[in-house]
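Keeping the supplied structure of chain A fixed, place chain B upon it in accordance with the hints.
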Amino acid sequence: MLVGAGAALLAIPFLHFPAFYESFLYLVFHWIVLATSWNILCGYSGYFSFGHGAFFGLGIYTTAVLTARFQWPFLATLPVAAATAAMAAVALGSLVFRVKRVRGELFALLTLAVTFVLATIILNTPIDGGPGVSLGGVAVPAIGPTPSSSFYLLELATAAATLGIAYAIWRSKLGTGLFAIRDDEDVAEVLGVPTFRCKLIVFAISSALAGIAGGIHALFISYVTAAETFSIIVPLTVVLMSVLGGTRHWAGPAVGATIITVISYASTAGDYPLAGKAAVGAILIAVILFMPEGVLGTLLDRRARRTFSAPDRAGTVAEARASNAGAARQAIGAALLTVHGVSRAFSGIQALRRVDLSIRAGEILGLLGPNGSGKSTLINVISGHYRADAGSIDFDRHELTHLAPHQIARLGVARTYQIPRPFAHLTVLENVVLTAMFGGAALDRRDALQEAWRWLEFTALVDKAQALPDDLNLHQRKFLELARSLASHPKLLLLDEVLSGLTPTEIDSAVDLIHRIRDHGTTIVLVEHVMRAVMALADRIVVLDQGQVIADGLPLEVMAQPAVITAYLGAKNDAAR
Amino acid sequence: MTLPSLALLTQAVLSGIFVGALYGLLGLGLSLSWGLLRQINLSHFALAFLGAYLTYQLVMVGGMDPLLTLLVVAPCFFAAGAAIHWLLAGFAVTPLNSLLVTFGMTVIVESIIQWCWTADFRRMTSRYAEITYRIGKVYLPLPELLQLALAVTLCLAVWATLRYTDLGKALRAAAEDGEIAAAFGVNERVLAALLSGACAALAAVAGLCLALSYTLTPSQIYAWIGVVFAAVMIGGLGSALGPLVAGIVIGVAEALTMAITAPSWAPLVSFSLLIAVLLVRRGRA
Numbered sequence: 000m001l002v003g004a005g006a007a008l009l010a011i012p013f014l015h016f017p018a019f020y021e022s023f024l025y026l027v028f029h030w031i032v033l034a035t036s037w038n039i040l041c042g043y044s045g046y047f048s049f050g051h052g053a054f055f056g057l058g059i060y061t062t063a064v065l066t067a068r069f070q071w072p073f074l075a076t077l078p079v080a081a082a083t084a085a086m087a088a089v090a091l092g093s094l095v096f097r098v099k100r101v102r103g104e105l106f107a108l109l110t111l112a113v114t115f116v117l118a119t120i121i122l123n124t125p126i127d128g129g130p131g132v133s134l135g136g137v138a139v140p141a142i143g144p145t146p147s148s149s150f151y152l153l154e155l156a157t158a159a160a161t162l163g164i165a166y167a168i169w170r171s172k173l174g175t176g177l178f179a180i181r182d183d184e185d186v187a188e189v190l191g192v193p194t195f196r197c198k199l200i201v202f203a204i205s206s207a208l209a210g211i212a213g214g215i216h217a218l219f220i221s222y223v224t225a226a227e228t229f230s231i232i233v234p235l236t237v238v239l240m241s242v243l244g245g246t247r248h249w250a251g252p253a254v255g256a257t258i259i260t261v262i263s264y265a266s267t268a269g270d271y272p273l274a275g276k277a278a279v280g281a282i283l284i285a286v287i288l289f290m291p292e293g294v295l296g297t298l299l300d301r302r303a304r305r306t307f308s309a310p311d312r313a314g315t316v317a318e319a320r321a322s323n324a325g326a327a328r329q330a331i332g333a334a335l336l337t338v339h340g341v342s343r344a345f346s347g348i349q350a351l352r353r354v355d356l357s358i359r360a361g362e363i364l365g366l367l368g369p370n371g372s373g374k375s376t377l378i379n380v381i382s383g384h385y386r387a388d389a390g391s392i393d394f395d396r397h398e399l400t401h402l403a404p405h406q407i408a409r410l411g412v413a414r415t416y417q418i419p420r421p422f423a424h425l426t427v428l429e430n431v432v433l434t435a436m437f438g439g440a441a442l443d444r445r446d447a448l449q450e451a452w453r454w455l456e457f458t459a460l461v462d463k464a465q466a467l468p469d470d471l472n473l474h475q476r477k478f479l480e481l482a483r484s485l486a487s488h489p490k491l492l493l494l495d496e497v498l499s500g501l502t503p504t505e506i507d508s509a510v511d512l513i514h515r516i517r518d519h520g521t522t523i524v525l526v527e528h529v530m531r532a533v534m535a536l537a538d539r540i541v542v543l544d545q546g547q548v549i550a551d552g553l554p555l556e557v558m559a560q561p562a563v564i565t566a567y568l569g570a571k572n573d574a575a576r
Numbered sequence: 000m001t002l003p004s005l006a007l008l009t010q011a012v013l014s015g016i017f018v019g020a021l022y023g024l025l026g027l028g029l030s031l032s033w034g035l036l037r038q039i040n041l042s043h044f045a046l047a048f049l050g051a052y053l054t055y056q057l058v059m060v061g062g063m064d065p066l067l068t069l070l071v072v073a074p075c076f077f078a079a080g081a082a083i084h085w086l087l088a089g090f091a092v093t094p095l096n097s098l099l100v101t102f103g104m105t106v107i108v109e110s111i112i113q114w115c116w117t118a119d120f121r122r123m124t125s126r127y128a129e130i131t132y133r134i135g136k137v138y139l140p141l142p143e144l145l146q147l148a149l150a151v152t153l154c155l156a157v158w159a160t161l162r163y164t165d166l167g168k169a170l171r172a173a174a175e176d177g178e179i180a181a182a183f184g185v186n187e188r189v190l191a192a193l194l195s196g197a198c199a200a201l202a203a204v205a206g207l208c209l210a211l212s213y214t215l216t217p218s219q220i221y222a223w224i225g226v227v228f229a230a231v232m233i234g235g236l237g238s239a240l241g242p243l244v245a246g247i248v249i250g251v252a253e254a255l256t257m258a259i260t261a262p263s264w265a266p267l268v269s270f271s272l273l274i275a276v277l278l279v280r281r282g283r284a
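Line order of the protein sequences matches chains A and B.
Each step along the first sequence adds one to the number in numbering that gives the first Met the number 0, with nothing skipped, and position 265 is 264.
Each step along the second sequence adds one to the number in numbering that gives the first Met the number 0, with nothing skipped, and position 110 is 109.
It is worth saying that the hints were derived from the structure and are not from the lab.
We put the CB at the ideal spot given by N, CA and C, even for glycine.
One or more hints might be untrue.
[Stated by the list, open to error] Chain A is faced by these chain B residues, among others (derived, beta-carbon under 10 Å):
id	residue
1	Leu86
2	Ser97
3	Ser125
4	Glu129
5	Gly225
6	Trp264
7	Leu267
8	Ser269
9	Arg280
[Stated by the list, open to error] To be clear about the criterion: a stretch of chain A counts as covered by chain B if any three or more of its residues have a C-beta under 8 Å from a C-beta of chain B, and this derived list gives those stretches:
id	stretch
10	101-107
11	121-129
12	220-234
13	237-251
14	268-282
So that you can see chain A by itself, here it is in the shape it has in the complex (with noise of 0.2 Å):
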């Protein structure tokens, strides 16, 4: 079907319909292009951009300057116009990631403002100089037998391309990096995700893509001026079209676009254009407020937006059982995490005070403490979630301080978190397909496939694979969070408060289970207040009080010393009191 449809459109030109035909669908494809690679950042990762203006504008001003200017023909600009924009794109992006802060209204915001700084600059400068640049005489190449069929042409190349590249993306492992980032960009850099990179990466594709449009759209206009080209109108039709086809999906913004250009066409061809302009509001308040992911998200069941991922696992599983009963526990060994002397305070609260403890491989290590008494806070450390204001991390033979949480999962750190924050976009399997791909395990998506069935399996999750997180209960959800964080295959485990909230039973399953990580040869540190699962599962045991260890011994040894139930219950004089 798809073939017959391309074969169609590539005939359309030597059918010699009317040039209306063709200059319309240039719109349809125009516009195409400019919602599918404003998705591919702004719709995957969540990124909401306000100026996808700005890198069509450099791909319009790029291709005029240098065809009216410089005498260049019209092909070449194209890849400078997209070079210029991703460049554009690189530098902006390297600046503004970095600031956690900028995120959802905010990037939206500063993106625009980059818009009509971009704007004031073009139109001050000889690139523009005022009055706009004319490319009236500039050849039009002859790729179909008229003009307007080599524009229609060019953009249907450029569609399919873009469309392509967004399929791609979106099936790949930097697309469930991208979702993931959506969901939640913190959990996704602790669980390996390098969300820095990432944004890059999409935001020049994305910028390119703009860029490549905006030169062709540059010769089809055949004037250009900064007032049109860095219109607000221009950045906000392009989130109306993607939100409006669904931007979760690749194919979501086509649709929003195809319906915009459709219905703005035929109101201004039947000469009712405000009547045009005011459905396209409405349409978009009624989709926001009704179908708020869209029209192909709506459409589509939830679970078909992204089941590529479904495989035959009759196989896998039986696989996972060999594997899983393979495997053989390690003795106790060396040091794996040596903590030196850390400090991290939160204006002016000491969380953590110059704490030393060291975690052999193969061990598990109960890591106790009361409320506020410093555990999670040495858990984001060592996750490099919070940078620590003093002391060292060695894992490994490496020094984690300096690293980011990314690079820290990557060498074999994972962590579950104690109320757990799956991916909510994403299907329980793709959660844990995720740290396969992006954790220690590194793998790709057809191994990481296997390797998820393999721990959900595990953890008993297998008939929930489908599902999203929020179907799942609060004992599945804590599962879910070991079993991504297995699936990285850590050589450090730390479980933060992972059978808080669960009833006698289920703890009891999970104390089992744990037994059975370990015996995998992963070494764990356990962050617990159900004293029964502790004494239970734990080699040694180090207590944090006010962020200092006060403890560190065999667990009967240690739960005997004074200071610890003194730190647990309070001084025994006050209890008489």
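Same frame as chain A, now just chain B:
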């Protein structure tokens, strides 16, 4: 580049203050609904222009005094603002989606304005427009003085209400954590609808100022968005005085840029400031 005369510079600073006051007045409603209701209300600009056109109509056709038109326009807008909030809150719209929904409203309002008053330029004539005071070599037009007075008065009034009254405290508490505030007896939904209505009424006042001092055309709605957003971001979300101060700083900076270089360089100032503020400012926005 030669520096313009002192009188010209003074005049530039003054006109910067005047236009900056309008940035602040437009920003006030935007800042309140963004900071306290988590709604980024783009339709604020459309409402302001609708208000300006209604004022134009009432003055030019109805023969009303421009200031008295507020008695008609502001209550209607108050109801419209409450309705917008009811819609956005009823669907639990996220901040980003509120931006998109209100953009849809803006487009609709723009179409209505263009349908009623066409895309031609409209300039309201009134008895205020004729009056200009002169101090030395510097001119002070009455409409712009009114604009400054209205902006400063309203911003101060809102600031005082938020800071000193129980109503203001309840609003700030509800913005901080709606559920907890509700548990302590704050009727969050009514308060939010009131606030949203008040923001729309402020848009009516801004519309009056637009009609008094500016030539109106529907597409001008979009010309104000960028600068006013800059004033709000720089001044602080939910703040009443911040946008006014930031607006005046931006207005003066723009006016000086125009006086010293060319008018077309003016946007560079506000947007570079906005980018710098977004990148450098610490803490929660």
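Violations among the numbered hints:
Violated hints (numbers, rising): 3 and 4; every other hint is consistent with the structure.
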